[in-house]
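Here is how the chains run, residue by residue.
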Amino acid sequence: MIKIGVPSKGRLMEKTFTWFGERGLPMARDGSEREYSGAVENHDHLALVLLSASEIPRELSAGRIHLGVTGSDLVRDTLPAWDEEVEELAQMGFGHADLVIAVPQFWVDVDSLDDLDAVCAAFRRRHGFRLRIATKYHRLVRDYLRYHGVADYQLVDSQGATEGTVRNETAEAIADITSTGETLRANHLKMLSDGPVLASQATLYRARNADWSDATRVELARLKEQLGLQDAR
Amino acid sequence: MSVFPSQAMTRAEAERLLDAFVAAGATRVECDILLPAETLLDLYGEDIRARAFITDGPGGTEALLRPDFTVPVVQKHMGSGGGTARYAYAGKVFRRQTDDPHRPSEYYQAGFELFGGDDPDAADAEVFTLFHDLLAPLQPRIVTGDTGLLTAAVRGLTTSDRRKRALLRHIWRPRRFRSLIGRYAGRLPVPTHRKALLEAADPLTAAGPAIGLRGRAEVAARIEWLRSDAAEPPISATEVELVNDLLGLEGSAIQALQRLRDLNVDLPAIGTAVDAMARRLEALDARGIDPASVDFETSHGRSSMEYYDGFVFSFLLPGRPDLPPLATGGRYDALARLLGGGRAQPAVGGVIRPALSLIEREGTA
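Protein sequence lines, in the order shown, are assigned to chains U and Z. Using the working numbering, read the first sequence as starting at 1 and increasing by one per residue. Using the working numbering, read the second sequence as starting at 234 and increasing by one per residue.
Hint data in this document are derived by calculation from the structure and do not stem from the laboratory. Computed from a predicted structure; not experimentally measured. Please note that a few of the clues may not be correct.
[As the list claims (entries may be wrong)] Derived list of chain U stretches under chain Z, where covered just means 3 residues or more per stretch with a C-beta under 8 Å from a C-beta of chain Z: (1) 9-16; (2) 109-119; (3) 125-135; (4) 149-161.
[Stated by the list, open to error] The following residues of chain Z were derived to be distant from chain U, with all beta-carbon distances above 10 Å: (5) D289; (6) Q372; (7) T392; (8) S393; (9) P467; (10) S485; (11) Y540.
For glycine and all other residues, C-beta sits at the position ideal for the given N, C-alpha and C.
The following block holds chain U by itself, in its conformation from the complex:
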């Protein structure tokens, strides 16, 4: 029995079902709207577990599910040594979103990370505290900024409505997921020109720490064949 964790609602769930359906594994929820279980038609040995997308990385890490579908941004931010705990089986081609750093549009003097770093230093001298970047992706953003030599800032936690923090003066800049950039523009923010911190998409992962017996390994091999996945790695 292979347990597959999939997102429990919204477009992510629908597109996941479609993706598997196109590859001969029609998925559906069973039970009522409120129950978090599902099944794969004609595949009794595959059990669907519906979870919130943000819970899936930890379930994979703990090995409570064998496979899982979630955003690569969530896996990389939640799991410190993600590559040791999960294996990427397939990038699924939907759920694209970039994690970007955004600053007010009217900061015409800021276009790159170099500019942001200089502004952080000047801001601290002027205001006596470090420039605040609001985000929920602490690990990813901190590692990215450290790698690019940006210092003198602080991260403030924002679990939702991050785009509004600058106007509300609870932060001076943000790091958030965007797909079209519309929400940023509507909030008078712009992305830095260096490119995204991370280009995320829905990804099918294998949990390295799940119970991989001979039986489940065979099932996995058959599943991968059916999904058209190469046995790379």
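Here the structure of chain U is known, so what remains is to put chain Z in place on it, guided by the hints.
Chain Z only, in chain U's frame:
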């Protein structure tokens, strides 16, 4: 892959090292494990959150588990009036290992700090010799460096104070330093956006609503700054070459000193630091350490030992690049002055990892 020694054995080794430090004239000190986070947050910035275990402390403030002993020992010293003193300590430190979960999050250190005195080069040599002699049976690879050489070279560049400040800010970030000096030397093209900004007559009109705490005046001030900076002459290619030569300098301490004297001819600003290095090597020689047996790299510790601002040293287990250094140390006058509220406070010291000295002594493969 060797197994780390037991906690009991490591603690015993820490005590043994501590006894040796005390025999060398140090006063033993104990420090709190839980420290107020504010001091370290101010010193190191956001990076400390990735390195230290931060938690809720008393009175709604943040606290952290000591990532090292330096801050509490300096504060203790300042609290007892400052002056000249030698301290030794042993105990656990706590580090978040976000890059490598296999590294221990808590481990023993045994350390020695020397404050004050009026002969810093002799003090550097005293501390180095203490570590050298204590660790000699383990036949470590020894590397030394001197961040002071690099800061002196930057201060001696023919350019504005503003540009020097910007470069000094990034001494410990080799990539940023390289790209910044390249920009200042006119080697890197001015980015399109920057060019357009500088050429625009009034860039802030039609820029959109001014949201957030950073106001229009600040943006305007920076644009002015950028305009002045763009009007500055570039740093000469020759000077950049000299700085690069200095950065890449490595060899035995004797060879390095000779090379530094050569560089000094074209970089007069490093003269004081080079003389200090010569005096330090003489002091080592007088204590029985052959300067030819010690390696020197100007850039040693540049990206990992950021609070040292002068002489730095590392003792490494031979053939074990997978393990952290056996011991590290150096001079950190600027940090000590910051922690002492602006009072000048010469400070030099180092730490040993007892677990690693045990591994080497047991000859575990």
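Check: Of the numbered hints stated previously, which ones are contradicted by the structure, given in increasing order?
Finding: 1
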